[in-house]
Amino acid sequence: MCLGVPGKVISIDGMVATVDFWGVWKPVRLDVVDVDVRPGDYVLNHVGFAIRRIPPEEIGETLALFEAILEQAPAGDLLAAEVRHDMGRPEDDEADR
Amino acid sequence: MTSRRDEQVGQLKFRDPAQARRLTEALAERFAALNRSELWIMHVCGSHEQAIARFGLRAVLPAGLRVVMGPGCPVCVTDMPEVDEAVVLARQGVHIATFGDMLRVPGTVCSLADAQAEGARVHVVYGAVEAVDLARCTAGEVVFFATGFETTAVATAAVLRGALPANFSVLSAHKYVPPAMEIVARVPGTRVAGFLAAGHAATITGWGIFEPFAARHGLPVVVAGFEPLDILAGLVRLIELIGAGEATVANMYPRCVTREGNRAAQAQLWEVFRTTGGQWRGIADIPDGNLRLREAYADVDARRRFTIDLASLSDTPMPALAKDCICGRIMTGLATPVECALFGRECLPETPIGACMVSSEGTCRIWHHYGGGPA
Ligand code: SF4
Ligand code: SF4
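One line per chain: the protein sequences are A and B, in this order. First residue of the first sequence: 1, per the working numbering; consecutive thereafter. First residue of the second sequence: 98, per the working numbering; consecutive thereafter.
Calculated from the structure, these hints are not laboratory results. Watch out, some of these pointers could steer you wrong.
Residues of chain B clear of chain A, computed beta-carbon distances all greater than 10 Å [claimed, not checked]:
| no. | residue |
| --- | --- |
| 1 | Glu227 |
| 2 | Pro276 |
| 3 | Asp327 |
| 4 | Ala344 |
| 5 | Met349 |
| 6 | Arg401 |
| 7 | Leu410 |
| 8 | Leu431 |
| 9 | Arg442 |
Here are some chain A residues pointing at chain B (derived, C-beta under 7 Å) [as the list claims (entries may be wrong)]:
| no. | residue |
| --- | --- |
| 10 | Met15 |
| 11 | Leu30 |
| 12 | Val32 |
| 13 | Ile51 |
| 14 | Arg52 |
| 15 | Ile54 |
| 16 | Phe66 |
| 17 | Ala68 |
Covered by chain A, per the in silico footprint, the following chain B stretches (three or more residues, Cβ under 8 Å) [stated by the list, open to error]:
| no. | segment |
| --- | --- |
| 18 | 133 to 141 |
| 19 | 217 to 225 |
| 20 | 244 to 252 |
| 21 | 296 to 302 |
| 22 | 358 to 372 |
| 23 | 382 to 392 |
No residue lacks a Cβ here, since even glycine has one placed at the ideal position from N, Cα and C.
Given these sequences and hints, build the entire structure.
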């Protein structure tokens with residue numbers, strides 16, 4: 001019951017959003033979330049309530065944190081460089097699609 | 098469905114195998130630099146345990162690095178008398194609505210599932226909203242037996258603040274995690290050198306709440322998410338802090354957790370609930386570890402609405418086997434399930450002796466499901 005699952009908001013009717021969880025659509029209440037939620041946003045859902053709108057720029061921030069960890073990898077590690085390249089540019093993926 | 102799932106998670110990029118490998122290497126490096134043969138890290142979240150087990154992360158940890166689960170499952174820490182209260186109500190003819198995991202948690206005399214088999218009306222719901230829906234289409238009294246940590250309690254609070262049918266009330270067994278971490282951090286004999294904090298609970302409370310804790314106990318805390326890379330990165334950061342001797346807090350889950358947390362949710366939580374002391378099953382009496390309804394919500398507090406006479410149950414002795422259950426030691430990081438004589442023998446998911454074998458996020462259940470598992 002404690003699993004917080006991220007899903008994408010499809011539509012909103014008053015305090016209830018319809019959220020897509022990997023193909024399964026479920027109603028999610030918006031009373032608890034502290035910011036405005038709009039269709040297209042990702043929300044973290046917990047027992048039927050959105051507890052957080054996941055700002056896309058902060059997904060990038062998390063990835064940057066991982067990158068910072070890998071940055072300290074031993075010099076000359078080509079794999080690390082390659083991974084850094086992969087990790088640092090989530091927006092490129094958007095363009096690719 | 099799987100492909101859509103992969104697509105979306107791929108978008109979030111938190112399961113990438115190449116990155117996971119790099120993080121694993123980084124972890125091994127940092128751990129080697131510590132020069133310690135053994136190090137214990139504790140997480141306090143059933144969802145972390147599930148992710149760790151499901152993605153097989155223990156298999157890629159450096160030898161000597163042990164990640165143990167603390168009191169991270171509200172099902173596991175629900176105390177027997179709390180189950181008893183629900184059982185007594187169910188036997189009185191009240192409809193009990195609760196999370197599926199709660200049905201088989203043993204009480205002093207029996208579980209809710211046992212009561213159901215005797216004819217009591219026990220219903221499984223996904224959350225407080227469904228419990229209210231049930232009350233709307235039920236003639237008798239419906240009591241929501243509410244378990245879960247602050248994250249779940251927020252949902253209960255939101256529901257209680259709304260319009261409710263007259264036949265609905267709540268039996269709160271909600272628990273509040275930070276005070277439990279205080280207790281576990283100073284359990285005699287503990288080897289835990291740092292905490293991985295629960296990202297979801299921190300979404301509500303904010304990561305700032307752990308700062309005084311870290312300073313007081315000299316233990317670093319890292320807030321981590323639930324994808325494999327989140328957990329690996331969280332562990333790397335934790336090892337870094339341990340290596341640097343820094344008893345501070347790091348937030349590796351910024352996409353969900355801020356320093357202050359979700360203020361709107363906190364306001365709702367504390368409007369409806371207050372903390373009280375009380376037992377966490379098998380662990381200890383934890384001051385401020387329980388969430389109970391405030392006076393203003395007395396009308397919908399099942400403990401006030403009904404006379405719950407536990408005396409009718411209390412002279413029944415604890416089942417003999419239950420005395421050997423070491424859940425408490427497991428949840429404080431002092432033992433692992435394989436050290437329990439009952440694990441996988443008398444105690445099985447179908448016939449749980451202790452609560453940790455019941456819930457899908459209980460340590461014993463997870464270890465049983467995923468084939469034991471290295472500590
Ligand atoms: S088992 Fe249920 S209650 Fe326990 S942590 Fe898990 S999800 Fe939450
Ligand atoms: S195996 Fe069963 S009896 Fe042993 S600690 Fe786990 S839940 Fe308790």
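- Message: Under 8 Å between beta-carbons, do enough residues of the segment 382 to 392 of chain B, three at least, approach chain A for the coverage claim to hold?
- Response: It is violated, with 0 qualifying residues against the three required.
- Task: Given that the segment 133 to 141 of chain B was listed as covered by chain A, double-check it with a C-beta distance under 8 Å for 3 or more residues.
- Result: Contact hint for the segment 133 to 141 of chain B vs chain A: violated, 0 residues under 8 Å.
- Does the interface hint hold: is A:Leu30 within less than 7 Å of chain B, judged Cβ to Cβ? violated, 10 Å
- Message: Checking a non-interface call: every C-beta of chain A should be farther than 10 Å from the C-beta of B:Pro276. Is that right?
- Response: Label holds. Min Cβ-Cβ 18 Å, cutoff 10 Å.
- Query: Would the stated hint for A:Ala68 survive a check requiring a Cβ distance to chain B of less than 7 Å?
  - Reply: Given a least distance of 9 Å, the restraint on A:Ala68 is violated.
- State whether the coverage of the segment 358 to 372 of chain B by chain A holds or is violated, taking the criterion as 3 or more residues with Cβ-Cβ distances under 8 Å. Held - the segment 358 to 372 of chain B has 5 residues with a Cβ nearer than 8 Å to chain A, which meets the minimum of three.
- Count the residues of the segment 244 to 252 of chain B whose CB lies closer than 8 Å to any CB of chain A, then report whether that count reaches three. holds (count 7)
- Query: Far enough from chain A: is every CB of that chain over 10 Å from the CB of B:Glu227?
  - Reply: About 8 Å separates B:Glu227 from the closest Cβ of chain A, which leaves it inside 10 Å; violated.
- Task: Could you let me know if the closest chain A CB is still more than 10 Å away from the CB of B:Arg442?
- Result: Consistent with the label, B:Arg442 stays out of reach of chain A, its closest Cβ about 28 Å off (over 10 Å).
- Please verify that hint: A:Met15, Cβ, nearest Cβ of chain B, below 7 Å or not. violated, 9 Å
- chain B contact restraint on A:Phe66 - CB to CB distance below 7 Å: With a minimum Cβ separation of about 5 Å from chain B (threshold 7 Å), the hint on A:Phe66 holds.
- Task: Test the statement that B:Leu431 is away from the interface with chain A: the closest C-beta pair must be farther apart than 10 Å.
- Result: Consistent with the label, B:Leu431 stays out of reach of chain A, its closest Cβ about 23 Å off (over 10 Å).
Checked against the numbered hints above, the structure violates hints 1, 3, 5, 10, 11, 17, 18, 23; every other hint is satisfied.
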